[in-house]
Structure formats: C-alpha cells, structure tokens
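Asks: Each chain is listed here by its residues.
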Amino acid sequence: MKVLIPSALRSYTGASQVPGAGDSLHGVLADLDRRFPGIRFRIVDERGLLRPNLRLFVDGLGVRDLDHPVRDARVVAIVLALSGG
Amino acid sequence: MTDPSRRLVLLVATRKGVWLFHGDAQRAQWAVDGPHFLGHSVSHLQWDARDGRTLLAAARTGHLGPTVFRSVDLGRHWTEARRPPAFDPPRNHLPARAVDHSFWLTPGHASEPGSWYAGTSPQGLFRSDDGGVHWAPLAAVNDDPLFREWMGTAQDGTPDGPKLHSVIVDPRDPAHLLFGMSGGGVHESRDAGRSWTPLIAGMEVVEGLDAAMVSFHDPHCLRLCPSRPDRLYQQNHCGVYRLDLPDRVWRRIGRQLPAEVGDIGFPMVVHPHDADTAWVFPMDGSDVWPRTSPGGRPAVYATHDAGETWQRRDRGLPPAQAWWTVKRQAMTADRQPDPALYLGTTSGELWIGHAGGAQWAPIARHLPEIYAVEVAELP
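Those sequence lines, one after another, are chains A and B.
The numbering of the first sequence is our numbering, which starts it at 1 and goes up by one.
The numbering of the second sequence is our numbering, which starts it at 1 and goes up by one.
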C-alpha cells in the first residue's frame with residue numbers, strides 16, 4: 001500500500017508518500033515508526049488513540065479505529081484536519 | 001557592562017518557534033538567530049549551564065503530538081528525543097492520560113550531569129538522565145491517587161490546560177525538589193521524588209473556598225533564591241508570597257502593592273545575588289480575568305526588602321494603552337553583577353530592563369506570542 005504523508009510529518013519521511021505495510025492501522029503506524037523513528041508518537045498518543053485534529057483515511061474512508069483492517073487497502077492517507085482560521 | 005568572560009544569549013520560545021538573541025558587552029545590541037522550528041509551538045527553551053552548550057525545547061506542532069528537541073551545539077543542529085515525556089499505562093485504576101504538551105524544563109543538579117526534569121500539561125513530572133533523549137515518568141506524582149485527585153482532569157484546568165511547572169532542584173541537595181501545579185498546590189520532596197509533601201500553609205484561595213483543600217491552590221510561579229536557597233518566592237493566583245525554610249507557612253507579601261494594581265500575576269523573578277530583591281509583573285485579575293496589564297499601563301514591581309515594600313519600575317515601557325501581559329516563564333534576570341531583567345510579551349515584544357528594571361528598552365518587536373525567556377551565559 002501507499003501511505004500519504006502530510007507536510008508537517010515530512011521532516012521524518014523526507015517524502016510525501018511512502019510504502020506501507022500492516023494488517024491494521026496500528027500495524028501500519030508501527031511499521032512507519034520502525035523506519036522513521038518518532039513519527040508514530042506525533043500521530044498517536046500513549047493511550048493508543050489517534051490525536052485530535054489528525055485524520056486517517058483508508059481508500060477514502062475516514063477511520064479513527066486503529067484496529068481497522070487495511071490488509072487489502074491501496075492508500076492510507078494521514079491528513080491534518082482542515083478547519084478553523 | 002557585563003562580565004567580559006561571559007556572553008549573554010537570550011532564549012526566546014514562542015507560539016510559532018524559537019529565537020536566540022546574542023548580546024554585546026553593554027547588553028545594548030542583540031544579534032538575532034532565528035527562527036528555529038518556525039510554526040512549532042514551543043512552551044520552554046532551556047539551557048544547560050553544566051555543559052554550557054545543550055539546549056532543550058519543549059514543542060508541539062499544531063496538529064501533531066508533543067516532543068522535545070535537543071541541541072548540543074547551542075542551536076546549530078537539533079535532534080528529537082527518542083522517548084519524549086509520555087505517561088505510563090494507568091495504575092491504581094486511574095483513568096489513562098496523554099501528555100498534551102511539555103510545559104516546563106529544568107536542568108538537574110550540578111552533581112548529576114545530563115539529568116533534567118520536565119513538567120507537563122496535564123500535570124505530570126518526568127525525568128531524563130541522558131540529556132533529554134529518554135524521559136521517564138515519576139510514578140509517585142503521576143500515578144498517585146491523591147495527586148490525581150488534586151490535579152483534577154483536563155476539563156478542570158484552565159483554557160490552555162492544567163500545568164505542572166516551576167520544578168526546582170535545591171542547589172545544595174539533588175534530592176530536595178519542589179514544584180507547583182496550576183492547579184494543585186506546591187509540593188516538596190526530600191528523597192529525589194519518591195515521596196512528596198504539600199507545602200500550602202499560608203497560601204490563600206479564591207474567596208469562599210476551603211484553603212485546606214490542595215486542589216483549590218493555584219501557584220503560578222515559584223523561584224528559589226540562589227544566594228539563599230532556603231528562601232522561596234511565589235506568584236500565586238491569589239497573591240505574592242515568600243517562604244523561608246524550615247518555616248512551613250507562606251507569608252503573603254503582595255499586600256503592599258498598590259491596591260489599583262493588585263498582586264495577581266504570573267511571573268516571579270529573583271535576584272541572582274541578593275535574596276531580598278525580587279520582581280513581579282502584576283496583571284488584571286478582576287472579574288473575568290482579562291490578564292492584561294492593569295489599566296493598560298505595564299510595569300514591573302521590585303522589592304529590595306523581601307516584600308516589605310515595592311517600587312514601580314516602568315521607565316521606558318509604554319505609558320498607556322498597552323494591553324499585553326507576560327506569561328510565567330517569560331520574565332527573567334541575567335546573573336551579572338548588576339543584573340538586567342528581560343521580559344517577553346503576549347504581543348511578541350522582547351524588552352530589557354537595565355539595572356534591575358530601572359530603564360526599559362525594546363530588543364525585538366513583532367515576534368509571535370512569547371511563552372518563555374531564559375538567559376544563557378556562555379563562557
């Protein structure tokens with residue numbers, strides 16, 4: 001699968017999209033953290049919850065449950081929430 | 001004139017990044033270095049006097065979670081902590097919490113190189129023993145049911161979140177620690193943080209509330225006098241206080257401030273060499289808590305007799321229609337023989353108060369909202 005990286009996290013990846021792997025979103029984020037140390041904690045807090053103001057989309061579907069299966073997904077997008085002024 | 005063997009660098013943390021200002025011997029010209037971390041919200045930027053070159057920055061970034069950045073060459077290069085402050089899984093059947101941001105950074109004792117403490121929002125205390133690379137929670141605070149009751153929940157805190165701040169390490173004893181919580185009182189440890197005792201006697205609370213309840217106490221800033229480490233000053237939600245250990249009862253010393261100014265504020269600054277001298281920056285704490293300079297006329301107040309009397313120090317500051325104020329980490333003094341004060345405003349101005357605040361002059365304008373100002377004195 002392909003993982004889309006928002007601008008605020010490209011200091012970790014150096015790229016706007018990177019290959020991803022995992023059975024669930026938890027797995028994808030753990031895999032990212034192995035390759036780009038520190039990136040997961042900026043996205044997920046110590047309770048294992050997606051941080052406020054961040055969104056995850058799996059093939060266009062908004063998901064907050066990090067156990068969501070992604071085995072057959074093509075694109076996981078990490079998106080900064082768009083709102084406010 | 002400063003000690004020619006020392007170079008002063010002001011460390012300015014803001015809502016939108018970090019700036020360093022390198023001063024000349026007269027403290028008259030300041031060369032700017034920055035921004036670093038443009039767009040990152042940095043609560044505190046602190047220098048390690050033990051090695052003279054390490055900086056730590058407590059940052060969070062808009063949408064992203066909190067972290068700590070480190071530099072071992074005074075800001076030329078930065079790396080990220082491998083394990084930033086984060087709470088352990090909950091114990092004692094307490095609700096799980098997540099660090100929203102690290103708020104306060106304090107270098108450890110001179111005898112423990114590389115040790116640091118961090119206070120967080122919501123209230124948590126953390127320690128690093130490797131110069132800020134890895135941070136471990138102090139369970140005796142973070143997972144203690146009584147502390148958690150005193151802390152309340154994030155919902156019980158102020159709009160910017162409840163804070164653990166003013167982490168103080170006694171320069172005579174690395175095991176003697178103090179901190180404050182907004183809210184949740186002042187606490188002291190004599191065993192390096194394994195056990196704690198509230199230190200709230202004499203502190204007042206909002207009218208009608210019970211001063212015996214630790215939860216109701218809201219210290220804003222604590223400072224230990226380096227020239228007399230048994231003396232503490234405190235700016236509180238309810239006044240300015242002094243405590244001379246081993247006495248255990250705080251004495252309110254802010255009553256002598258002019259009634260129209262009051263003794264509410266956030267920063268507390270102590271003199272590096274004279275324990276009878278301290279400075280506060282009063283703000284408007286009336287009705288809805290405007291948190292502006294009283295009457296739009298900003299001023300520092302100085303005491304030279306441990307709080308018996310106070311003198312207004314506003315020469316050079318705007319005389320009217322200046323509605324900014326100064327956050328709790330955003331006012332400090334250097335450690336020169338004739339120390340200058342420095343303050344950073346919520347409107348992004350950086351000021352120097354020469355001769356202990358007798359004459360103020362701007363160093364920078366148009367910065368983002370300033371959260372913290374510290375002084376590094378380099379060899």
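Honestly, the hints are just simulated from the structure, not real lab data.
Among the hints, erroneous ones may be present.
Stated by the list, open to error - Facing chain B, from chain A, some residues (calculated, C-beta under 10 Å):
{"id": "1", "residue": "Lys2"}
{"id": "2", "residue": "Arg47"}
{"id": "3", "residue": "Phe57"}
{"id": "4", "residue": "Gly60"}
{"id": "5", "residue": "Pro69"}
As the list claims (entries may be wrong) - Using C-beta positions, here's what the derived DEER-type ranges look like:
{"id": "6", "chain 1": "B", "residue 1": "Arg76", "chain 2": "A", "residue 2": "Asn53", "range": "29 to 37 Å"}
{"id": "7", "chain 1": "B", "residue 1": "His77", "chain 2": "A", "residue 2": "Leu4", "range": "27 to 35 Å"}
{"id": "8", "chain 1": "A", "residue 1": "Leu82", "chain 2": "B", "residue 2": "Ser195", "range": "41 to 49 Å"}
{"id": "9", "chain 1": "A", "residue 1": "Asp65", "chain 2": "B", "residue 2": "His22", "range": "44 to 52 Å"}
{"id": "10", "chain 1": "B", "residue 1": "His22", "chain 2": "A", "residue 2": "Gly60", "range": "46 to 54 Å"}
{"id": "11", "chain 1": "B", "residue 1": "Asp274", "chain 2": "A", "residue 2": "Arg64", "range": "49 to 57 Å"}
To be verified - Here are a few chain A residues that face chain B, going by a calculated C-beta distance under 8 Å:
{"id": "12", "residue": "Leu50"}
{"id": "13", "residue": "Asn53"}
{"id": "14", "residue": "Gly62"}
Even for Gly, the Cβ is constructed at its ideal location relative to N, Cα and C.
Asks: Against each hint, give a clear statement of whether it holds in the structure.
Replies: We went through each hint and held it up to the structure:
{"no.": "1", "hint": "Lys2", "result": "21 Å, violated"}
{"no.": "2", "hint": "Arg47", "result": "5 Å, holds"}
{"no.": "3", "hint": "Phe57", "result": "15 Å, violated"}
{"no.": "4", "hint": "Gly60", "result": "20 Å, violated"}
{"no.": "5", "hint": "Pro69", "result": "24 Å, violated"}
{"no.": "6", "hint": "Arg76(B) with Asn53(A): 29 to 37 Å", "result": "32 Å, holds"}
{"no.": "7", "hint": "His77(B) with Leu4(A): 27 to 35 Å", "result": "29 Å, holds"}
{"no.": "8", "hint": "Leu82(A) with Ser195(B): 41 to 49 Å", "result": "48 Å, holds"}
{"no.": "9", "hint": "Asp65(A) with His22(B): 44 to 52 Å", "result": "50 Å, holds"}
{"no.": "10", "hint": "His22(B) with Gly60(A): 46 to 54 Å", "result": "51 Å, holds"}
{"no.": "11", "hint": "Asp274(B) with Arg64(A): 49 to 57 Å", "result": "56 Å, holds"}
{"no.": "12", "hint": "Leu50", "result": "10 Å, violated"}
{"no.": "13", "hint": "Asn53", "result": "4 Å, holds"}
{"no.": "14", "hint": "Gly62", "result": "15 Å, violated"}
The structure shown violates the earlier hints numbered 1, 3, 4, 5, 12 and 14.
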